[in-house]
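Visitor: Take a look at the letters that make up each chain.
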Amino acid sequence: MNSLVYLRRMIVSQKPARVDYTVGSTTKSIYYERAGFEGTHDEVSRKLREIFESRSVEVITSSDFNPMSNKRVFAPQAIASALAGYTFNAEMRASLLSFAMRLPPLIVRLYPMQRYAFQDNSTYMKMHMMYQHNGSLRMQSFISQAENTRDEMVRLRVLMATYILGLIAPLNSTGGNSHTATREMRAHNPDARRGKKVSILSRIINRIRGL
Amino acid sequence: MEEKQVVKLVITGPVNAGKTTMVQNLSDSQIAATDVAPSDQVAQLKSMTTVGLDFGILKIDEHLELHLFGTPGQSRFNFMWNILSKGAIGAIFLVDSTSEESLIEMRKMYDYYEEHVGLPVLVGATKQDLPGAKDVDEIAAILNLGDVMVVPVDAREKEGSKMLALTLLGNALVQASAEAGEDDFDDGDYDDLF
Amino acid sequence: MATKQDRINSVLDELKMATSDIQGAGVLSPDGMMIADKLGGTQGDAAAAMGAALASLAKRVTDTLKVGDFQEVNIRGSNAGILLFDIEHRASLIVTVTQGANLGLVFLEARQAQRQLGDIL
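Respectively, the protein sequence lines represent chains W, R and H.
Take the first sequence: its letter number 101 is residue 100 in numbering that gives the first Met the number 0, and every next letter is one higher.
Take the second sequence: its letter number 69 is residue 68 in numbering that gives the first Met the number 0, and every next letter is one higher.
Take the third sequence: its letter number 34 is residue 33 in numbering that gives the first Met the number 0, and every next letter is one higher.
Since the hints were made in silico from the structure, they are not lab data.
Just so it is clear, the structure is predicted and the values come from calculations on it, not from any experiment.
For each residue, glycine too, the CB sits at the ideal point set by N, CA and C.
Fair warning: there could be bad hints in the mix.
Calculated cross-link-like contacts (lysine to aspartate or glutamate; reagent style EDC-like; alpha-carbon spacing at most 20 Å) [what the hints assert, rightly or not]: (1) K27/W <-> E2/R; (2) K27/W <-> D134/R; (3) K15/H <-> D5/H; (4) K157/R <-> E2/R; (5) K125/W <-> E90/W; (6) K195/W <-> D60/R; (7) K196/W <-> E61/R; (8) K195/W <-> E2/R; (9) K196/W <-> D134/R; (10) K107/R <-> D44/H; (11) K195/W <-> D27/R; (12) K196/W <-> E178/R; (13) K125/W <-> D150/W.
One-sided excerpt, in silico: chain R residues whose CB lies under 7 Å from chain H [to be verified]: (14) L52; (15) K107; (16) Y189.
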């Protein structure tokens with residue numbers, strides 16, 4: 000899920016950038032500046048979907064781009080429309096799931112996504128409620144509480160939107176030391192086996208995707 | 000010394016559902032074919048397809064191997080689950096969508112599996128393109144397996160094999176994380192995500 | 000003219016009578032069904048499925064380790080023994096023998112039965 004990581008970094012940093020990505024054997028690009036993606040509404044959502052599924056994504060940051068048009072789609076708007084009705088195959092699902100399982104306890108920010116016609120807003124609200132109720136959000140629980148396949152897909156879309164737009168962030172962003180300590184503690188904890196199972200499954204998923 | 004871990008994935012189903020190919024599709028090396036004369040080869044092929052015990056290995060990384068087992072899909076072979084399910088992550092049941100008999104056998108096998116194994120499971124419905132094939136909803140209704148997903152697939156295609164395996168692994172992942180406790184967050188290896 | 004089934008049964012009967020070391024015998028198909036059961040127990044169906052799996056595994060092992068065609072499997076329990084012979088890749092002959100059986104004689108008889116069954120099948 001490198002493409003999500005790059006998109007997030009780019010959007011969070013707010014600097015002008017160009018995303019180069021590969022679809023099949025062709026390389027395409029999209030520009031990003033002033034919190035928006037360049038292009039018409041349809042172009043931008045089509046390109047974002049391609050980026051989600053691309054195996055090779057690169058972000059080039061520079062200030063001297065010469066964009067071809069002055070049409071911009073505001074990032075939350077662009078992500079909301081790229082994700083509207085977005086469905087994905089088993090491979091995409093598996094990699095999103097293994098991505099989700101790696102996320103630490105999170106904070107969830109409230110943002111008026113409904114203004115940008117985010118179709119999965121009610122599930123996003125559910126996610127925020129879960130966060131408020133527990134003081135932190137475990138993405139793992141949020142995803143595994145899905146009622147059915149469709150609901151799981153909606154939840155994964157909410158994961159994508161909130162992650163890319165920076166609406167979720169680690170609860171303890173303060174540092175390496177604390178979690179090294181936790182990791183050592185966990186070595187003596189019989190429950191660690193389950194965490195290990197998650198890691199084993201994620202490794203197998205990555206391997207099979209590459210076949 | 001770091002010890003090497005082995006986990007298993009079981010693929011089961013009737014003759015010609017594509018078990019052998021699926022095991023091969025997901026394995027590093029094809030199972031060593033022996034040099035035999037053409038006539039013997041036919042005999043060998045036949046005995047392979049009728050008994051259908053297949054085995055393959057997929058190396059995941061330095062410390063992990065996935066062992067793939069293809070087993071016959073009739074309920075009289077249920078005894079094999081006791082052996083195969085140790086250290087398994089789950090099973091894929093292939094059914095022949097055109098054969099009522101194949102569905103009935105699968106149902107019997109599943110009852111045993113659910114009681115004695117209980118690991119994540121997924122049903123791949125093969126031969127969807129043939130006349131007389133039941134669609135996945137019909138199959139799901141006949142099998143009546145509750146939450147178990149029934150996915151249309153051509154398991155002989157590499158992409159189909161990958162899709163089934165990834166769907167099962169995804170389900171297993173969700174289940175494993177649901178079992179994990181609130182304080183059980185593992186790796187700490189997420190610095191590259193934020 | 001006797002039916003195929005009769006001829007198979009008579010080969011098995013003859014084998015059982017050849018030496019008292021042989022307790023029972025059966026013929027099973029590669030997909031784990033009993034073709035003829037003279038094992039004298041109630042475990043016929045399970046024996047057929049397990050025997051077929053065993054034969055298949057033995058075949059895989061002989062192929063993988065390149066020791067030629069699979070011919071037989073010999074299992075020894077503390078009370079009795081089980082032998083499994085390949086019949087031209089189309090079936091297997093399963094024979095149960097007493098503890099301390101004269102295996103030389105048993106093998107001789109079983110190989111003859113193996114040949115005869117190969118002709119019939």
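Visitor: Each hint should be assessed against the structure and marked as holding or not.
Guide: Quick rundown of the hints versus the structure:
In summary, the hint linking K27/W to E2/R is not supported, as the alpha carbons are separated by about 44 Å, beyond the 20 Å threshold. A threshold of 20 Å between alpha carbons decides the hint, and for K27/W with D134/R the separation of about 39 Å lies outside it, so the pair is violated. With a CA separation close to 15 Å, the supplied pair K15/H and D5/H stays within the 20 Å bound. With a C-alpha separation of about 31 Å, the suggested pairing of K157/R with E2/R is violated against the 20 Å cut-off.
Proximity of K125/W to E90/W is assessed by CA-CA distance (about 26 Å); at most 20 Å being required, the pair is judged violated. For the proposed pair K195/W and D60/R, the alpha carbon gap of about 15 Å is at most 20 Å, so the pair holds. Using a Cα cut-off of 20 Å, the hinted pair K196/W and E61/R holds, with the two alpha carbons roughly 17 Å apart. With a C-alpha separation of about 14 Å, the suggested pairing of K195/W with E2/R holds against the 20 Å cut-off.
Of the supplied pair hints, the one linking K196/W and D134/R is violated, its CA atoms being roughly 34 Å apart against a limit of 20 Å. Restraint check for K107/R and D44/H: the C-alpha separation of about 16 Å stays at or below 20 Å, so the hint holds. For the hint linking K195/W to D27/R, the alpha-carbon distance of about 24 Å lies beyond 20 Å, and the restraint is violated. Pair hint K196/W plus E178/R holds up; C-alpha atoms about 10 Å apart against a cutoff of 20 Å.
Our distance criterion of 20 Å between C-alpha atoms is met by K125/W and D150/W, whose separation comes to about 12 Å. Contact between L52/R and chain H, as hinted, is supported at the beta carbon level, the nearest pair being about 4 Å apart and thus within 7 Å. Nearest Cβ of chain H to the Cβ of K107/R: about 13 Å, over the 7 Å cut. The hint is violated. With 7 Å as the threshold, the beta carbon of Y189/R stays out of range of chain H, its nearest partner Cβ sitting at about 42 Å, so the hint is violated.
In summary, the numbered hints that this structure violates are 1, 2, 4, 5, 9, 11, 15, 16.
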